[in-house]
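Asker: Taken in order, these protein sequences are the chains called V and D. According to this note's numbering, the first sequence is numbered sequentially starting from 1. According to this note's numbering, the second sequence is numbered sequentially starting from 1.
Among the hints, a few may not be true.
Keeping only pairs whose Cα atoms sit at most 16 Å apart, straight-line, the calculated EDC-like set for lysine to aspartate or glutamate is [said to hold, decoys possible]:
#: 1; chain 1: V; residue 1: K108; chain 2: V; residue 2: D39
#: 2; chain 1: D; residue 1: K42; chain 2: V; residue 2: E3
#: 3; chain 1: V; residue 1: K42; chain 2: D; residue 2: E3
#: 4; chain 1: D; residue 1: K78; chain 2: D; residue 2: E18
#: 5; chain 1: V; residue 1: K68; chain 2: V; residue 2: E3
#: 6; chain 1: V; residue 1: K42; chain 2: V; residue 2: D84
#: 7; chain 1: V; residue 1: K1; chain 2: V; residue 2: D27
#: 8; chain 1: V; residue 1: K1; chain 2: D; residue 2: E44
#: 9; chain 1: D; residue 1: K42; chain 2: D; residue 2: E85
#: 10; chain 1: D; residue 1: K42; chain 2: V; residue 2: D39
#: 11; chain 1: V; residue 1: K108; chain 2: V; residue 2: E3
#: 12; chain 1: V; residue 1: K1; chain 2: D; residue 2: E85
To be clear, the hints were calculated from the coordinates, so they are not data collected in a lab.
Here is what each chain is made of, one letter per residue.
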Amino acid sequence: KQEVTQIPAALSVPEGENLVLNCSFTDSAIYNLQWFRQDPGKGLTSLLLIQSSQREQTSGRLNASLDKSSGRSTLYIAASQPGDSATYLCAVTAGTYKYIFGTGTRLKVLA
Amino acid sequence: EPEVTQTPSHQVTQMGQEVILRCVPISNHLYFYWYRQILGQKVEFLVSFYNNEISEKSEIFDDQFSVERPDGSNFTLKIRSTKLEDSAMYFCASSDLGTYGYTFGSGTRLTVV
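Just chain D, same shape as in the assembly:
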């Protein structure tokens, strides 16, 4: 069964450093998403991406965040200058037509120290 692959599974970074989280969505999917889950809290939507541009973003997704699909297969989330409160599990997801086939990756646990 097709999977959404996320790397790395765990990343530790120093506060203030830039970090890039990587995702390989399912190959024929058109919509791409990032979510995050702070420990013990709800899974929260960050951003959706379609046709090489952001289609929707939440209030969490401020200027410190950016997304990119650099080569037609990878989908990345960049955090420019990490803060302690960015520590969370970050999930990538992709879908075909809208919510059809919506599949989540296994997540990247980001720890900011």
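If we strip away everything but chain V, and leave its shape as in the complex, we get:
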């Protein structure tokens, strides 16, 4: 059974820092991996989607990498801003079209 784990559970950094969020999954036979952002009490905003054949995706200050063989993905946020404060969720699909989510990393960027 696929399990997705995210470390750390919470992170607080000063504005301007570069940071890395980690995601690991137990079954490497995934179809794709997606990073989402969730603001308190709100919905899920897709940030980056990495297909299983890809190694990384970039969007603005965000870069996500995928290492299927080791069951890991990282989300790199450059030059963090207070507006980046949110919970970041990692989710994978494998064969079927359902996503299996991690518990998230709650990020706070201090001004």
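Based on the hints, put chain D in the right spot on chain V.
Answerer: Positioned in the frame of chain V, the structure of chain D alone reads:
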């Protein structure tokens, strides 16, 4: 940009009552999903729907739950007799070919009292 729309944004219901959560998926999408997130917990898959039938469901999706696409545009989740533990945020999602274009709605917060 196309959106998945969910109504209402917040619903309060008494225990034992039936509740229907509504979703309007993106118009050309073929696959439809419901997820839920109990406060402080993971987002969990409930059910997927394709070609007017359930394609997969989780163990959470028991006989108390049902889904329907009544008119070709709406996609609904019905909970027949709500329990306190059904209190959660419910997310609808839709996608085009499999996971392509997978888009989540902003959620309905269900509170069972």
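Asker: When the hints from earlier in the document are held up against this structure, which numbers fail?
Answerer: Hint check: 11, 12 fail, others pass.
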